[in-house]
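Participant: Residue numbers (the numbering used here), protein chains in the order written: chain W, 1 to 110; chain S, 111 to 230.
Treat the hints loosely; a few may be bogus.
Looking from chain S toward chain W, a few residues come up when the C-beta cut is under 10 Å (computed) [unchecked claim]: (1) V122; (2) H123; (3) F137; (4) V138; (5) S141; (6) Q153; (7) T163; (8) G214.
Which residues of chain W face chain S? A few of them, derived with a C-beta cut under 8 Å, are [as the list claims (entries may be wrong)]: (9) G12; (10) G95; (11) Y97; (12) I98; (13) T99.
Source of the hints: derived by calculation from the structure; they are not laboratory data. Ideal placement from N, C-alpha and C gives every residue a C-beta, glycine not left out.
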Amino acid sequence: HSALTQPRSVSGSPGQSVTISCTGTRSDIGNYVYVSWYQQHPGKVPKVIIFDVDKRPSGVPHRFSGSKSGNTASLTISGLQSDDEADYYCCSYAGGYITVFGGGTKLTVL
Amino acid sequence: EVQLVEAGGGSVHPGGSLRLSCAASGFVFRSSWMHWVRQVQGQGLVWVSTINTDETTTTYADSVEGRFTVSRDNVRDILFLQMDSLRAEDAAVYHCVRGTSDFGVYFENWGRGTLVTVSS
Numbered sequence: 001h002s003a004l005t006q007p008r009s010v011s012g013s014p015g016q017s018v019t020i021s022c023t024g025t026r027s028d029i030g031n032y033v034y035v036s037w038y039q040q041h042p043g044k045v046p047k048v049i050i051f052d053v054d055k056r057p058s059g060v061p062h063r064f065s066g067s068k069s070g071n072t073a074s075l076t077i078s079g080l081q082s083d084d085e086a087d088y089y090c091c092s093y094a095g096g097y098i099t100v101f102g103g104g105t106k107l108t109v110l
Numbered sequence: 111e112v113q114l115v116e117a118g119g120g121s122v123h124p125g126g127s128l129r130l131s132c133a134a135s136g137f138v139f140r141s142s143w144m145h146w147v148r149q150v151q152g153q154g155l156v157w158v159s160t161i162n163t164d165e166t167t168t169t170y171a172d173s174v175e176g177r178f179t180v181s182r183d184n185v186r187d188i189l190f191l192q193m194d195s196l197r198a199e200d201a202a203v204y205h206c207v208r209g210t211s212d213f214g215v216y217f218e219n220w221g222r223g224t225l226v227t228v229s230s
């Protein structure tokens with residue numbers, strides 16, 4: 001099972017929107033709704049911000065949204081804020097109780 | 111409050127072994143699927159292993175299959191990872207993670223991790 005493919009970095013100015021893509025295969029993203037996204041600030045543990053493709057845990061701002069089309073999932077962050085600067089990881093179930101992460105995307109808020 | 115506290119990391123030579131542990135509290139451990147995820151500093155998250163509630167299902171990443179063994183003690187609320195035949199590429203911080211939702215598929219609570227160094 002190969003890692004999911006994410007851009008190494010994205011950037012945006014405060015107030016703007018950015019989208020992070022996550023490309024997998026028919027064996028993972030393309031076949032399951034179990035797609036999640038994690039936010040990790042430097043020195044901190046990851047925090048789940050999206051699950052089931054597009055659901056937000058309690059407390060996660062509506063500015064964060066998820067979607068999926070075919071083998072690609074996306075995380076969109078609207079109304080960028082300085083605190084959104086972090087690493088973002090996508091994650092998908094791949095069957096047989098196997099999980100695969102993306103390589104991570106560093107978001108810079110300019 | 112959910113707490114996951116890993117221990118057992120350290121420095122080992124290639125080919126050596128380590129046993130990691132993760133003490134869990136603040137939730138019903140015996141009802142939770144658990145995972146190990148590793149991360150090299152400055153690099154990404156890598157799923158290592160998953161165990162279901164009663165140890166009847168255990169899965170591993172291809173890179174550790176046959177060398178690592180996950181287990182749990184539902185009386186003492188502890189998760190373990192036995193790591194044998196360690197390689198340089200196994201060096202990382204190992205996080206214990208509580209899974210939630212269907213078969214623990216979401217990684218909701220994370221421990222701060224324990225550092226494993228593999229060097230000759």
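Participant: Against each hint, give a clear statement of whether it holds in the structure.
Facilitator: Here is what the structure says about each hint:
no., hint, result
1, V122, "24 Å, violated"
2, H123, "28 Å, violated"
3, F137, "15 Å, violated"
4, V138, "19 Å, violated"
5, S141, "17 Å, violated"
6, Q153, "8 Å, holds"
7, T163, "12 Å, violated"
8, G214, "9 Å, holds"
9, G12, "21 Å, violated"
10, G95, "10 Å, violated"
11, Y97, "4 Å, holds"
12, I98, "6 Å, holds"
13, T99, "4 Å, holds"
Of the numbered hints stated above, those contradicted by the structure are hints 1, 2, 3, 4, 5, 7, 9, 10, listed in ascending order.
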